[in-house]
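What follows is each chain in one-letter form.
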Amino acid sequence: MARLNSDAQWIVLMGFMVSFALFFLAIVVNQSTVVGQTTAEAVLEFPKNDIVDMRSEVLSASALSGNNLTLVTNDISSLSLSRKNAIVSFRVSAAPPGSPYTKTIEIHYNNGVTAYNETTSH
Amino acid sequence: MINTDGQLFTIEGVAAGLIMLLTAYIVVGTTSLYTPGDSHISDMQLEQMGRDALHMMNTPNSSTADGLSTLQIVIKNNDIDRFRQTFLWYCNNRTGGTYDNLQFSADYYYRNNLTNDITQIHFTESRKPTGGEHPMRVTEWMQVDNSAGGSMPAQVEKRVQAVLVEVLIWRD
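If you're matching them up, the sequences are chains P and C in order. Take the first sequence: its letter number 44 is residue 44 in the numbering used here, and every next letter is one higher. Take the second sequence: its letter number 67 is residue 67 in the numbering used here, and every next letter is one higher.
Calculated from the structure, these hints are not laboratory results. Model, not experiment: these values are computed from the prediction. Some hints here could point you the wrong way.
Far from chain P, by Cβ distances over 10 angstroms, these chain C residues were calculated [to be verified]: (1) 70; (2) 89; (3) 109.
Just some of the chain C residues that point at chain P, by a computed CB distance under 10 angstroms [as the list claims (entries may be wrong)]: (4) 2; (5) 39; (6) 42; (7) 166.
The beta-carbon is built from N, C-alpha and C at its ideal position, and this holds for glycine as well.
This is chain P alone, in the form it adopts within the complex (with noise of 0.2 angstroms):
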């Protein structure tokens, strides 16, 4: 057997310096496309665009009074139950006495995961 010799040490510790940088950026590299696939699963589950355009519609159908306001509620909450899963309910009513506005809507939303409450006024 050969006699044990360490001059050469430090180019041996280099090496394994350099092969394990190598491996950690390949890990980073291996990661980036998971990362991006979490952050668009999350963007894609959570509904947003349902419930900026459900409040839309809502608001637009608070301009609306007596039967054609209850057809158009009914309408808003059996198609949202049908057609995304989802609750939703509102509730327009008359301001407050000495408030600046003239109506107060109440929109509930909640499809199971995500839930959205608001109390506006115009």
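Take the given structure of chain P and dock chain C to it, following the hints.
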């Protein structure tokens, strides 16, 4: 008797073992390949763009009380040609060069007040879906007044109502 001559060989052996383990870990972990399509990033972009196009169509040009949006006029008058032209124009237009090649299939859903049934009406499409596409579904709520001069299909009640427009959109 304890002998410390082979210390360096021992350390070398441990280091080599670690390297082999890490190599095996990486090889096993990379057998499933991730492509950008798997990560749903293009789906996310497609959904947002389709929604923006529908929302642009549902934005009236004027803020007056009778200012109707393109989408409201199109649904009320059952004007499938105008819907197809406008939607494809919004989706496929680019700042320069050739047009994009997005395709769509549009439906809308309405509620019957007597039976409380939800019914689907197929509106129009730019191409029949074959089932091999990977479409995204975008939706837009809208309010349409079918009572005064509306020409929606005969089974839709003649009243003010909320309908849900659903569009499947895919890249050809």
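The hints, checked one at a time:
1. Listed as outside the interface, residue 70(C) is consistent with that label: its C-beta sits roughly 15 angstroms from the nearest C-beta of chain P, beyond the 10 angstroms cut-off.
2. Every CB of chain P lies more than 10 angstroms from the CB of residue 89(C), the least distance being 21 angstroms, so the non-interface label holds.
3. At roughly 6 angstroms, the least C-beta separation between residue 109(C) and chain P is not larger than 10 angstroms, which violates its mark as non-interface.
4. Hint status for residue 2(C) relative to chain P: violated, with the closest Cβ pair at about 16 angstroms, above 10 angstroms.
5. Annotation: residue 39(C) was flagged as interfacial toward chain P, and the flag holds, the nearest CB pair being 4 angstroms apart, inside 10 angstroms.
6. Annotation: interface hint on residue 42(C) holds; nearest CB of chain P at approximately 9 angstroms, less than 10 angstroms.
7. Hint status for residue 166(C) relative to chain P: holds, with the closest Cβ pair at about 7 angstroms, below 10 angstroms.
Of the numbered hints stated above, those contradicted by the structure are hints 3, 4, listed in ascending order.
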